[in-house]
Amino acid sequence: MKNLVLTAVVLLTSLTTFAQKPSPALLSPTNHTLVLIDHESQMAFATQSIAIDQLRNNTALVAGASKIFSVPTVVTTVAEKSFSGPVFAEIEEFYPQATSNYIDRTTMNTWEDSNAYKAITGKGKKRLVLAGLWTSVCIVGPALSAINDGYEVYVITDACGDVSKEAHDMAIQRMIAAGVKPMTSLQYLLELQRDWARQETYKAVTDLVKKYGGAYGVGVQYAHEMLKH
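Numbers -19 to -1, 1 to 210, taken from mature numbering (1 follows the signal peptide of the UniProt record, and there is no 0), label the letters of the sequence shown in order.
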(Lines of atoms letter the chains of each structure in order from A and count residues from 1; the text may use other names and numbers.)
(Lines give C-alpha, C1' and ligand atoms only; values in the text may rest on other atoms or scores of the structure.)
Protein backbone atom coordinates (compact mmCIF):
# COMPACT_ATOMS: atom_id res chain seq x y z
CA MET A 1 0.00 0.00 0.00
CA LYS A 2 2.83 2.35 0.93
CA ASN A 3 4.53 1.65 -2.41
CA LEU A 4 1.30 2.37 -4.29
CA VAL A 5 0.88 5.70 -2.52
CA LEU A 6 4.51 6.60 -3.19
CA THR A 7 4.11 5.70 -6.85
CA ALA A 8 0.96 7.81 -7.12
CA VAL A 9 2.73 10.79 -5.55
CA VAL A 10 5.66 10.46 -7.95
CA LEU A 11 3.33 10.22 -10.94
CA LEU A 12 1.27 13.20 -9.79
CA THR A 13 4.41 15.24 -9.22
CA SER A 14 5.78 14.39 -12.66
CA LEU A 15 2.48 15.21 -14.35
CA THR A 16 2.26 18.54 -12.54
CA THR A 17 5.81 19.40 -13.49
CA PHE A 18 5.17 18.44 -17.11
CA ALA A 19 2.02 20.57 -17.20
CA GLN A 20 4.01 23.60 -16.12
CA LYS A 21 6.51 23.27 -18.95
CA PRO A 22 5.25 24.52 -22.32
CA SER A 23 6.35 22.76 -25.48
CA PRO A 24 9.61 24.14 -26.87
CA ALA A 25 7.83 24.22 -30.25
CA LEU A 26 5.68 27.12 -29.03
CA LEU A 27 6.76 30.64 -29.91
CA SER A 28 7.80 33.12 -27.25
CA PRO A 29 8.83 36.77 -27.54
CA THR A 30 12.50 35.84 -27.26
CA ASN A 31 12.90 32.64 -29.28
CA HIS A 32 12.43 33.86 -32.85
CA THR A 33 12.89 36.62 -35.40
CA LEU A 34 9.89 37.91 -37.36
CA VAL A 35 10.43 38.80 -41.03
CA LEU A 36 7.74 40.83 -42.82
CA ILE A 37 8.30 40.58 -46.56
CA ASP A 38 6.88 42.78 -49.34
CA HIS A 39 3.54 43.83 -47.86
CA GLU A 40 3.42 46.50 -50.57
CA SER A 41 0.77 48.13 -52.72
CA GLN A 42 1.77 46.64 -56.08
CA MET A 43 2.01 43.15 -54.61
CA ALA A 44 -1.42 43.52 -53.03
CA PHE A 45 -3.14 44.65 -56.25
CA ALA A 46 -2.87 41.17 -57.79
CA THR A 47 -3.50 39.21 -54.59
CA GLN A 48 -6.61 37.04 -54.97
CA SER A 49 -6.19 34.28 -52.38
CA ILE A 50 -7.44 36.45 -49.52
CA ALA A 51 -9.52 39.62 -49.32
CA ILE A 52 -7.23 42.63 -48.98
CA ASP A 53 -9.02 44.01 -45.92
CA GLN A 54 -8.52 40.67 -44.16
CA LEU A 55 -4.89 40.56 -45.24
CA ARG A 56 -4.29 44.07 -43.90
CA ASN A 57 -5.97 43.29 -40.58
CA ASN A 58 -4.02 40.05 -40.20
CA THR A 59 -0.77 41.83 -41.02
CA ALA A 60 -1.60 44.45 -38.39
CA LEU A 61 -2.12 41.72 -35.77
CA VAL A 62 1.30 40.29 -36.59
CA ALA A 63 3.17 43.61 -36.71
CA GLY A 64 1.38 44.82 -33.58
CA ALA A 65 2.16 41.61 -31.72
CA SER A 66 5.84 41.83 -32.55
CA LYS A 67 5.94 45.45 -31.36
CA ILE A 68 4.08 44.76 -28.11
CA PHE A 69 6.36 41.87 -27.22
CA SER A 70 9.58 43.43 -28.57
CA VAL A 71 10.18 40.56 -30.98
CA PRO A 72 13.30 41.05 -33.15
CA THR A 73 11.73 42.12 -36.45
CA VAL A 74 12.99 42.77 -39.97
CA VAL A 75 10.82 44.59 -42.53
CA THR A 76 11.96 44.16 -46.11
CA THR A 77 10.59 45.45 -49.42
CA VAL A 78 11.31 44.83 -53.08
CA ALA A 79 11.75 47.70 -55.55
CA GLU A 80 9.86 50.00 -53.21
CA LYS A 81 10.59 53.28 -55.03
CA SER A 82 10.61 52.02 -58.62
CA PHE A 83 7.75 49.51 -58.76
CA SER A 84 6.14 47.92 -55.71
CA GLY A 85 5.34 51.03 -53.68
CA PRO A 86 5.04 51.60 -49.93
CA VAL A 87 4.33 49.01 -47.26
CA PHE A 88 0.88 48.70 -45.75
CA ALA A 89 -0.06 51.50 -43.36
CA GLU A 90 -0.70 48.77 -40.79
CA ILE A 91 3.02 47.98 -40.71
CA GLU A 92 4.07 51.63 -40.63
CA GLU A 93 1.75 52.12 -37.67
CA PHE A 94 4.08 49.95 -35.60
CA TYR A 95 7.31 50.32 -37.58
CA PRO A 96 7.45 53.84 -39.08
CA GLN A 97 9.92 54.12 -41.94
CA ALA A 98 11.38 57.25 -40.35
CA THR A 99 12.49 55.29 -37.30
CA SER A 100 12.81 51.72 -38.61
CA ASN A 101 15.46 50.12 -40.77
CA TYR A 102 13.56 48.92 -43.84
CA ILE A 103 15.64 46.84 -46.24
CA ASP A 104 14.83 47.26 -49.92
CA ARG A 105 15.92 44.56 -52.38
CA THR A 106 16.00 43.66 -56.03
CA THR A 107 16.06 39.90 -55.38
CA MET A 108 12.75 38.03 -55.20
CA ASN A 109 14.30 35.72 -52.59
CA THR A 110 15.07 37.75 -49.46
CA TRP A 111 17.70 35.19 -48.45
CA GLU A 112 19.76 36.05 -51.55
CA ASP A 113 20.04 39.74 -50.66
CA SER A 114 23.18 40.34 -48.62
CA ASN A 115 21.76 43.19 -46.51
CA ALA A 116 18.53 41.37 -45.70
CA TYR A 117 20.40 38.16 -44.97
CA LYS A 118 22.74 39.95 -42.57
CA ALA A 119 19.86 41.71 -40.85
CA ILE A 120 17.91 38.49 -40.32
CA THR A 121 20.78 36.23 -39.30
CA GLY A 122 22.29 39.03 -37.24
CA LYS A 123 19.39 38.81 -34.79
CA GLY A 124 20.93 35.58 -33.58
CA LYS A 125 17.74 33.47 -33.58
CA LYS A 126 17.64 30.04 -35.20
CA ARG A 127 13.84 30.18 -35.44
CA LEU A 128 12.24 32.44 -38.06
CA VAL A 129 8.62 33.48 -38.53
CA LEU A 130 7.77 34.71 -42.04
CA ALA A 131 4.80 36.54 -43.57
CA GLY A 132 4.44 38.44 -46.83
CA LEU A 133 3.48 38.67 -50.49
CA TRP A 134 3.49 36.59 -52.60
CA THR A 135 3.47 33.22 -50.87
CA SER A 136 4.75 31.22 -53.84
CA VAL A 137 7.73 33.47 -54.51
CA CYS A 138 8.69 35.86 -51.72
CA ILE A 139 7.90 33.42 -48.91
CA VAL A 140 8.84 30.07 -50.46
CA GLY A 141 12.29 31.39 -51.43
CA PRO A 142 13.54 32.45 -47.98
CA ALA A 143 11.65 29.66 -46.21
CA LEU A 144 13.33 26.87 -48.17
CA SER A 145 16.69 28.68 -48.13
CA ALA A 146 16.60 29.19 -44.37
CA ILE A 147 15.66 25.56 -43.74
CA ASN A 148 18.59 24.52 -45.93
CA ASP A 149 20.84 26.63 -43.68
CA GLY A 150 19.60 24.91 -40.53
CA TYR A 151 16.88 27.36 -39.43
CA GLU A 152 13.47 26.39 -38.08
CA VAL A 153 10.79 28.25 -40.05
CA TYR A 154 7.19 29.16 -39.28
CA VAL A 155 4.90 30.87 -41.80
CA ILE A 156 1.84 32.94 -40.84
CA THR A 157 -0.40 31.76 -43.64
CA ASP A 158 -3.19 34.34 -43.35
CA ALA A 159 -0.71 37.23 -43.36
CA CYS A 160 0.43 35.96 -46.76
CA GLY A 161 -1.33 36.04 -50.11
CA ASP A 162 -0.89 35.17 -53.77
CA VAL A 163 -2.28 35.73 -57.26
CA SER A 164 -4.70 32.82 -56.81
CA LYS A 165 -5.88 30.49 -54.06
CA GLU A 166 -4.17 27.61 -55.86
CA ALA A 167 -0.85 29.48 -55.96
CA HIS A 168 -1.08 30.20 -52.24
CA ASP A 169 -2.22 26.70 -51.28
CA MET A 170 0.42 24.94 -53.38
CA ALA A 171 3.12 27.16 -51.88
CA ILE A 172 1.98 26.34 -48.35
CA GLN A 173 1.88 22.62 -49.15
CA ARG A 174 5.35 22.78 -50.68
CA MET A 175 6.76 24.52 -47.61
CA ILE A 176 5.06 22.17 -45.15
CA ALA A 177 6.56 19.23 -47.06
CA ALA A 178 9.96 20.87 -46.56
CA GLY A 179 9.42 21.27 -42.82
CA VAL A 180 7.77 24.69 -42.44
CA LYS A 181 5.31 25.03 -39.56
CA PRO A 182 2.12 26.93 -40.54
CA MET A 183 0.17 29.19 -38.19
CA THR A 184 -2.27 32.12 -38.30
CA SER A 185 -2.03 35.76 -37.27
CA LEU A 186 -4.32 35.56 -34.24
CA GLN A 187 -2.60 32.36 -33.17
CA TYR A 188 0.72 34.22 -33.32
CA LEU A 189 -0.55 37.03 -31.09
CA LEU A 190 -2.16 34.75 -28.52
CA GLU A 191 0.81 32.39 -28.44
CA LEU A 192 3.00 35.31 -27.40
CA GLN A 193 0.55 36.50 -24.74
CA ARG A 194 -0.03 32.91 -23.53
CA ASP A 195 -1.37 33.97 -20.10
CA TRP A 196 -4.07 36.61 -19.53
CA ALA A 197 -2.52 37.27 -16.13
CA ARG A 198 0.44 38.84 -17.97
CA GLN A 199 -0.78 42.32 -17.13
CA GLU A 200 2.13 44.23 -18.66
CA THR A 201 0.90 43.33 -22.16
CA TYR A 202 -2.78 42.59 -21.49
CA LYS A 203 -4.18 46.01 -22.42
CA ALA A 204 -2.02 46.41 -25.52
CA VAL A 205 -3.01 42.94 -26.76
CA THR A 206 -6.73 43.41 -26.18
CA ASP A 207 -6.63 46.90 -27.74
CA LEU A 208 -4.93 45.39 -30.81
CA VAL A 209 -7.58 42.68 -31.01
CA LYS A 210 -10.41 45.20 -30.67
CA LYS A 211 -9.01 47.19 -33.59
CA TYR A 212 -7.92 44.43 -35.98
CA GLY A 213 -9.32 41.16 -34.61
CA GLY A 214 -12.63 41.10 -36.48
CA ALA A 215 -15.45 39.26 -34.72
CA TYR A 216 -13.17 38.23 -31.87
CA GLY A 217 -12.26 41.88 -31.33
CA VAL A 218 -15.92 42.85 -31.18
CA GLY A 219 -16.42 40.13 -28.57
CA VAL A 220 -13.55 41.46 -26.46
CA GLN A 221 -14.95 44.98 -26.70
CA TYR A 222 -18.40 43.72 -25.67
CA ALA A 223 -17.03 41.79 -22.69
CA HIS A 224 -15.04 44.77 -21.45
CA GLU A 225 -18.08 47.04 -21.67
CA MET A 226 -20.37 44.58 -19.90
CA LEU A 227 -17.88 44.00 -17.09
CA LYS A 228 -18.04 47.71 -16.26
CA HIS A 229 -21.63 47.35 -15.07
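Hint data in this document are derived by calculation from the structure and do not stem from the laboratory. Careful: at least some of the hints might be erroneous.
[What the hints assert, rightly or not] Think about it this way: if two alpha-carbon atoms lie no more than 20 Å apart in a straight line, the pair counts; the simulated DMTMM-like pairs of lysine to aspartate or glutamate are: (1) 162 x 181; (2) 48 x 181; (3) 146 x 34; (4) 99 x 74; (5) 106 x 93; (6) 106 x 133; (7) 62 x 73; (8) 106 x 94; (9) 192 x 61; (10) 209 x 188; (11) 48 x 176; (12) 62 x 85; (13) 191 x 61; (14) 191 x 147; (15) 2 x 176; (16) 184 x 172; (17) 162 x 172; (18) 48 x 206; (19) 107 x 130; (20) 184 x 74; (21) 162 x 130; (22) 107 x 172.
Computed from a predicted model, the values in this text were never measured in an experiment.
Query - Hints violated by the structure (listed by number, smallest first) - result: The structure conflicts with hints 1, 4, 9, 13, 14 and 18, although it agrees with all the remaining ones.
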